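On the provided structure of chain P, position chain C as indicated by the hints.
2 protein chains.
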Amino acid sequence: MKYASGIVVVLLCSVMTVTLNAETLSTTDQEILQQLKSQAQQSSLSYELLESLTTEVGPRLAGTEGDKKAIAWASAKMRALGFDKVWTEEVSLPKWTRGDLSLQVVSPYPHNLFGISLGGSVGTKRSGITAEIVEFKDLAALEAAPAGSLKGKIAFVSFRMERFIDGRGYGVAVGARGKGASVAAEKGAIAFILRSVGTDNNRTPHTGGMNYAEGIKKIPAAAISNPDADLLVNMLKREQPVKLKFKSTARRYDKKMVKTANVIGEITGSEAPDEIIAIGAHLDSWDVGTGAMDDGLGVAIVMASAAMIGEQAVKPKRTIRVILYAAEEVGFYGTKQYMLDHADEVEKHIIGAEWDFGIGKIYELRPGVGEQSLGAIADLAGYMESLGVGLSDKNDAKAQSDMSLLSNAGMPAINFAPDGTNYFDLHHTENDTLDKIDAEDMKQNTAVYTLFAWFAAQSGVDFRQ
Amino acid sequence: MKYASGIVVVLLCSVMTVTLNAETLSTTDQEILQQLKSQAQQSSLSYELLESLTTEVGPRLAGTEGDKKAIAWASAKMRALGFDKVWTEEVSLPKWTRGDLSLQVVSPYPHNLFGISLGGSVGTKRSGITAEIVEFKDLAALEAAPAGSLKGKIAFVSFRMERFIDGRGYGVAVGARGKGASVAAEKGAIAFILRSVGTDNNRTPHTGGMNYAEGIKKIPAAAISNPDADLLVNMLKREQPVKLKFKSTARRYDKKMVKTANVIGEITGSEAPDEIIAIGAHLDSWDVGTGAMDDGLGVAIVMASAAMIGEQAVKPKRTIRVILYAAEEVGFYGTKQYMLDHADEVEKHIIGAEWDFGIGKIYELRPGVGEQSLGAIADLAGYMESLGVGLSDKNDAKAQSDMSLLSNAGMPAINFAPDGTNYFDLHHTENDTLDKIDAEDMKQNTAVYTLFAWFAAQSGVDFRQ
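Residue numbers (the working numbering), protein chains in the order written: chain P, 1 to 465; chain C, 1 to 465.
Isolated chain P, as found in the complex (with noise of 0.2 Å):
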C-alpha cells in the first residue's frame, strides 16, 4: 500500500516511532545508530576523502591514467579505512579522445565560441568545416526538419535547460544531447552544435555522452555554453546567413578497448555475510574538472559512511558493501559489467542506494521496496527525521545512475534526494571543482548514508517483500 499522502507519514513518525522502532532493530541496534548519527554529523571523513580525490587525482576519464590513479588511490583507501575486502573487477570500454575543439563564428560577426566537443563525439576533418548554421529551438523541431533540408549545413539546437530542485529540466533538455547528432545527419546535416544542458550563465560548456544511430553518417558534435548559444541566438535574429568554422580533433577508436575497474570494498556481515546492502557512487568523472560534485561526492559519502560502520565494536549482522563503478559517464561500462559480474547474486542485494546527484542537504527520503517493508521505511525515515529528511508519498523509486540496473533486475532501492537546484551550473564542466561543495551538508549526507547502511543491515527485513 503506498502512503495516502504525506501528512500521513508525518503522524506516523511522530506518534508510532518508539513502537516501529522496537519491531525494527535490536534496543543494542538502536542506540549504535544513535552514534554512528552523533559521529557522522561530527565528522569530516567524507570531505577528507573528497579533497583529497580532487587534490591527489583530480579528472578521472574512464581508461585514461587519472581513472587509473582514481582506481589506486580508491583501493588504497578502502584498506586504509579498514575495509574487510577490497578488490577490482575489470571493465572495458572503447577508446575516445577528447582532443582540441575550435568554433569559430567566421560572418557576418567574427567571435570564438566557448565549445566542448561530446563524450564520444568524432572529430572534423584538419582543416575543419565552415557552413551555415540552421537553428532549432529544440529536438522536436529538429526532428520535424524535412529529410534533406540540412545538407552541407550545421544543425543548431538553442534549447535551453530549466532549473528545479529536483533537477526534472535535465530530462527534457538531454535528448539533444545524446541524439542530435544523429537526427541532424539523417537530414543531412554535417556537424551538430547545441546550447549546454546546463542552468548556469558561465562561459563553460557542459560536456555529455552522446550516441551515434547505428547506419547514419557520424558527425561531429559539440556543446557552447550558455552565452554563447545566446550569441548566436541574436545573431541569427539578423536574419543574415551565419557561418561557423567548426575543428575539432576528437577521436573515436571504436575497436580499440582501453581498461578500467568497477572498486568494490565490503565491511563484511557477521551473521549473514551473503547479504548485501549496497551504497555506490561512480569512480570515474569528466575530463574537464575535477569531478568533485560528479561523483567525488558521492565516492566520499559512501566510502566514509561503510568505514564509520566498519569502525564499531559491533559488526553489521550483513554485508555492507561500496560499489565504486567505473566508466559511467562515458556509458554505464562499469554497472553493465557488474550485472554480468554479478548475475548470480542479484538477489542477495537486499537493498541499495547510489548518491550520483546533487550538491546540498538531503531532503527527502524515496523508497521502492515491497509494500510490507514500508513500516521499516518509515521507522528509518523516523531515525532520519532531525537531519532533515522528510519521506516521501510514493513508493516507486529506483536506485540512482549506475544502481538503477541492480533496480530494474528486482533490487529494492532508496533513493536519497539531495537540493538539486545548482547542479546542473556544473555538471559536466571545469567548473565541478571542490570550492562548490559545502562541508558541513557532507557531514549531513553521510550521516543519511550511514544510518540508511546500518538500519539495512541489522533490520532483517526482507525489503523485496
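Think of the hints as simulated: they come from the structure by calculation, not from any bench. Nothing here was measured: the structure is a model prediction, and the numbers come from that model. Check before you lean on any hint, since a few could be wrong.
For chains that are exact copies, the list does not tell them apart, and a pair is met inside one copy or across any two.
[To be verified] The calculated SDA-like cross-link candidates involving lysine to any residue, where the alpha carbons are at most 25 Å apart (straight line), are:
#1 K436 with R238
#2 K436 with T421
#3 K243 with W73
#4 K245 with L405
#5 K436 with E56
#6 K69 with N234
#7 K218 with K256
#8 K217 with T97
For chain C alone, kept in the frame of chain P given last:
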C-alpha cells in the same frame, strides 16, 4: 559645507523640492526633465546599443581589429542617433599580444590550471619555465620576503578578494596584480602567479593590467582562477614541493606603437556651446569576454542618454559631450591623450560623470562639487528619488576611471554608484557577456544619466563654486 548626515538630505528633498526645483530649472526645463525621465524609463535604446556592440563587435582590446570595429561602430551609431558632432582623436599605445598560456602542476599531483596572462606581461622562453611554487598570503608578505629568497622560484600570492556592494575589496587585492611580478623578481623569482582578483568561484581567471618597475627584470605574470588557487593552496598544505610548468607566448613590443582613438560625440549647446557637460565610458575592453559589462554598459548608457536629449524639440543650453575613451584597460592611454588634446578647455568641462563600474541599479548620487552648488545637487537628487537613488552625505567624489583625470584637474563630478555586488565575479573574464546585464536595470541607469546631463546643461550652475 558638507551635509551633516543623510537624514538632513532626505528632509531637504522631501520638504523643499518645489522651492529648490524652482531655483535651478525653469518650468519648461522641469517639464522636459519629467518627459525625459518617463521616456528613459520606457526606452530600451541603451540595451539595444549594448546588444549591438557585443554581438556585432565583441571583444575590443585596444589597438586590435575588434577595437577598430568598435570605433567605426560608435561613430556610425552616434551619427545615426542624431548627434550634432562626432569625431575621433588618435591615441597611441605600445603593442602587446596575449598569445597562449599553459600552467601545469607537474608534481606532486599533475593538474592543468586555468590561468590567464596579465595584460602587459612578457612570455616565457619557448620551452617554458618549470620551478617550485612559494606561496604568500598577500602582497605585503611577498614584500617582506628576504632578498634573494625566491631565486629560481615561482612566487604565488593567494590573497582572496572580498565581496562588497561598492566593490571596495578590489582596491585591497589589486596591488598584487599591478606590482607583484616586480616585487617577486626583485627577490629572485622567475615567474609570478596570483589568485585572480575576483569574487567568483568559476574556472574563468581574471586578467587585468600590470606594470614592471624600472630596472627590475621582467618576469612572466599570470592569474589563476579561484578554484585553481584553492587547489594549489590545498596541495601546498601537504608540505611537499609543488612544481609548476609555466609556458606563455605573451609578448610586449615596447617600441612598436599601435593606434586607437577616443570617440567623441556632442549634442551642441544652444546658448553656451563651449560649456561642456561630460558623460563618458571606455570603448575598449579586454579580449576575453565581449566587454558587455566592462564597459559596453557604460558606452551604451551615455550614448543613449545624450541621444534622448538630442531628440527633444528644445535643445540643451550647454553642450553634452559623450567621451568614449580608448585604451582604458591597458593603461589609461585614451584619457591621458584627451587631457593633452583638451588641455586648453579643461575649465570648460562644467561637470562630468563616467560609468565604469557595476551591473545593477544606481543607489546613490555622490557629488564632488563646489559648496555653493550643493543646493542644486540636492535638487537633482530630488528628481532621482523615485528612481531609487539616494544622495550621499559626502561631497568628495571624483569621476570614475578615465574621467578621474578631469576630476584631478579640477572638473566637478558626480559619481553614480550602482550595485557592484556581483561585478567582480565577471570583471576581466570570459564571462563578461550580455546575458549578465538586466535590461530593466539599464533603463534606470540611463534615466539617471539622462536626468543628470539635462539638469546640468539647463541649470546654469557653475559647479566649481
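Each hint, compared with the structure:
With identical chains, the CA atoms of K436 and R238 are at most 25 Å apart between copies only, with a shortest distance of 21 Å across copies and 38 Å within one. In this homomeric assembly, K436 and T421 come within 25 Å of each other (Cα to Cα) both inside a single copy, at 13 Å, and across copies, at 19 Å. Proximity of K243 and W73 under a CA criterion of 25 Å is satisfied inter-copy only: 21 Å between copies versus 46 Å inside one chain copy. Proximity of K245 to L405 under the C-alpha cut-off of 25 Å is found in neither arrangement, the shortest distances being 41 Å within a copy and 44 Å between copies.
Taking the shortest Cα distances, K436 and E56 sit within 25 Å of each other inside one copy (17 Å), while across copies they are farther apart (35 Å). When the C-alpha separation of K69 and N234 is checked against a cutoff of 25 Å, the pair qualifies only between copies, where the shortest distance is 19 Å, while the shortest distance within a copy is 44 Å. Within a single copy, K218 and K256 get their C-alpha atoms as close as 18 Å, which meets the 25 Å cut-off; across copies the closest is 48 Å, which misses it. Taking identical chains as interchangeable, the C-alpha atoms of K217 and T97 lie at most 25 Å apart only when both belong to the same chain, with a minimum of 19 Å there against 41 Å between chains.
In terms of the numbered hints stated before, the structure departs from hint 4 and from no other.
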